[in-house]
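Colleague: Residue numbers (my numbering), protein chains in the order written: chain A, 1 to 146; chain B, 1 to 672.
Derived from the structure by calculation, the hints contain no laboratory data.
Quick reminder that beta carbons are idealized off the backbone N, C-alpha and C, glycines included.
There may be inaccurate statements among the hints.
Covered by chain A, according to a simulated footprint, are these stretches of chain B (three or more residues, beta-carbon under 8 Å) [what the hints assert, rightly or not]:
id : stretch
1  : 337 to 343
2  : 371 to 382
3  : 387 to 395
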Amino acid sequence: MSTGRKLAIGAVVVAGITASMAYLGGSASWQYYVTADECVTNADSLVGTRLRVSGKIVPGTLQVTADRRHAVFSLTTAEATLPVACSGPLPDNLAEDIEVVVEGRLEHPGLLRGNKVLTRCSSKYESDPAPVSSASTARRERGGLR
Amino acid sequence: MTVLGQLCLLAAMVACGYAAFACAAGWRLGHRGLSRSGVAAAVAGVAALTVVATILGWALVGKDFRFAYVVDYSSRELPWHYSLSAFWGGQAGSLLLWAWLLGLLALAYRFGPRREASPLVEPTFAVLLGYLGFLVAMMAFGADPMEPSTSVPSEGAGLGPSLQHPAMLVHPPVIFLGYAGWAVPFALAVAGLAAGRLDAHWVRQTRPWVLFSWLALGIGILLGAQWAYEELGWGGYWGWDPVENGSLIPWLTGTALVHVLLAWRYRGVLKKTAVLLAIATFGLCNFATFLTRSGIFSSLHAFSQSPLGWMFLVFMAVLAVGGGVLVAFRRGAMMPDHPIPALGTREALVAISAFALVLLAAVALVGTLMIPLSQAFFGERIVVGAAFYNNVLMPIGLLLLAATGIAPLVNWGTALLPAQKRTLLLATFVGAVSAGIALATGIRHPMALAVAGLAALAVAAMAAALILDARRRDDRRRWLAVLSALRSRPRQYAGFLVHLGFVSLAVGVTGSSLGTHERELDVRQGESIEWTGYSVRFTRLFERDLPGKTAVEAQLDVARNGLPWCTLLPAQHFHRLQNHWTSRVAVHAAWTRDLYAILHRGQGNDRIHVTLIENPLMRWIWLGGCVMTAGALVGLVPAGRFPAPPSSPPGPHVALRRKRLSPKASRAADER
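I would like the entire structure built from these sequences, with the hints used as guidance.
Modeller: The structure is reproduced here in structure tokens:
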């Protein structure tokens with residue numbers, strides 16, 4: 001067997017292992033990415049699934065406990081509002097009327113149980129820096145490299 | 001000043017467009033006058049861009065709020081150095097920086113020292129100027145850094161607090177230097193394909209630019225990781241965010257290109273791969289820009305959604321189609337000189353490593369594009385978490401580490417010699433001993449044990465290769481022989497240094513990923529809490545006034561095994577202008593572990609909520625990056641610039657070692 005053919009077979013094997021590992025990692029960590037409106041519209045089919053829901057915190061709905069471990073608020077994109085209850089460390093800059101992404105599960109059609117709130121961080125190419133939240137307080141997805 | 005800046009921007013666009021046309025036409029028609037006029041236009045264009053950059057820098061430092069960009073990204077309280085870093089804080093400024101750096105690099109390529117006449121200079125320069133014209137046109141029509149503000153306010157919006165960090169003074173410009181640098185190998189590839197001149201000369205011309213761009217992008221990524229570690233306050237340095245991936249993916253393909261060029265240079269193989277990688281790496285740099293500007297990705301970085309991203313996408317599509325057609329058209333000129341003779345040769349190892357790197361880049365690309373891909377194929381938007389990437393990084397990282405270990409002991413073109421086989425066995429034994437020691441010290445994770453073994457194997461193999469090389473030298477004094485070996489093959493040992501840095505990086509990444517511990521504490525003033533060998537005492541909370549912000553700092557006195565170890569001062573900063581809080585983590589770094597503290601708000605003055613994280617071996621990551629940088633810098637020094645190896649008096653060993661290479665002979669071999 002030529003060296004080229006041996007290399008090709010090795011490449012197929014390595015690619016296969018890599019694809020399998022990626023599939024395992026992906027299937028353990030994938031989430032549906034939906035907006036608050038989509039979440040409310042398709043609530044029945046999304047109950048119990050892992051979700052990442054984006055939206056804006058409705059002014060007047062945010063309540064945070066003194067130890068900043070729990071928060072409740074409503075999330076909206078355009079029309080519908082989705083009640084959210086979050087537990088875990090909260091971003092310092094969590095505030096009303098800002099864009100957030102909540103990770104968690106839809107407990108029932110009327111409540112998203114979140115375990116993580118992500119606030120968008122100001123970074124390069126931000127055209128409107130005044131109202132944005134801070135990178136330093138954005139709780140990024142745990143499980144990256146540290 | 002805004003009018004002058006806008007005029008200069010338009011002049012730069014016209015000049016670059018003409019320069020690209022004139023240089024290409026002059027080269028094609030053999031019309032030297034046309035080429036000369038193109039070069040003059042290019043110089044004028046870059047000079048005009050320099051004027052624009054100077055005006056913007058001056059306006060930012062001088063808080064000239066007549067410029068809309070200054071209003072958006074600066075404020076009166078902002079220190080001057082952060083005012084300057086606001087240059088790349090916004091879209092228009094970062095594009096200007098990129099274009100300006102590209103212009104300077106294009107001139108450096110055109111007028112820089114060259115050891116041999118090259119027929120590729122004119123077409124390469126034309127491609128670079130064409131790309132520069134594209135960037136300047138995007139600024140002129142889509143993101144004008146010279147745009148006047150509608151009214152002149154007394155205060156600006158200021159720079160985002162997270163960007164007010166020392167790493168941000170350097171990280172973005174170096175990343176853009178890397179992006180701009182990758183345009184040169186791309187331009188050389190296009191010129192080589194157009195001219196049908198893809199030979200050893202092309203490799204010699206391309207190599208330093210590839211190494212330079214790889215180095216700049218690598219330093220930029222490392223600085224970004226350090227910024228994330230100290231500024232983002234989640235305890236890690238890499239979150240597999242689309243924007244982070246956007247810079248990593250071209251760096252991975254660029255790393256593959258660095259190695260593939262060696263295989264081409266020494267054995268005349270993997271030529272098509274090299275050209276495709278040069279085009280792909282540049283295309284992926286544009287992809288990174290598309291990521292930051294299109295707004296279609298689920299990134300925690302906030303971006304303005306502008307049509308510029310789609311312009312970059314169209315540009316990438318043109319690159320992909322055009323590059324593919326050119327490579328197919330010239331495939332006959334890129335046939336390998338020899339087939340790869342055996343798996344145990346260095347060219348085979350290079351092919352395997354390049355494949356692994358490209359595979360890793362492909363997986364990162366798929367993960368990054370998961371939302372649009374899943375929407376296109378399944379009608380639903382799906383995101384994948386870090387496990388998707390980490391699962392792939394593990395086997396490929398081990399494969400690369402193993403290749404790094406074996407590489408110094410294998411030859412180009414021939415299989416292993418018996419002495420090399422014995423040395424490799426010895427290095428493997430050292431690796432096994434290292435893994436055994438790791439096991440004995442309580443490490444149980446298979447990945448950590450594998451990395452401990454392979455890292456030791458790699459270090460032992462590099463040391464053995466150096467010793468073997470030194471023993472071939474005509475010198476009875478061992479240290480002089482080692483010095484002679486190092487001086488005779490500086491590029492080879494620069495490669496070793498880069499690989500040593502990679503080993504250190506791998507050890508750090510593995511240790512910090514697998515051995516991290518975290519604890520959240522609610523602690524009262526004066527109270528001590530015991531945690532995994534640490535005794536953490538909350539001593540006091542105090543406030544300090546800083547320019548533009550108020551800092552609330554907690555003093556944590558940490559003892560380890562009963563002895564005072566460090567004092568941590570995690571803080572919360574209130575930014576008066578932006579009216580919000582940010583965290584300032586405190587890190588105590590040591591060679592074995594980092595202790596990382598994040599202060600949270602909302603507990604009153606006598607009680608705080610703190611997150612403590614222990615990250616093992618973090619320092620080895622930064623050390624690895626520095627060593628890789630040092631190695632690449634040595635590799636960039638032209639071979640002729642190294643001092644000649646010291647001569648030593650001949651001794652009786654000379655006769656015994658007649659067949660061994662003299663320093664001069666081995667130096668000549670290295671030059672070849």
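Colleague: Please go over all the hints and tell whether each is borne out by the structure.
Modeller: The hints, checked one at a time:
no. : hint       : in the structure
1   : 337 to 343 : holds (count 5)
2   : 371 to 382 : holds (count 4)
3   : 387 to 395 : holds (count 8)
Checked against the numbered hints given earlier, this structure breaks none of them.
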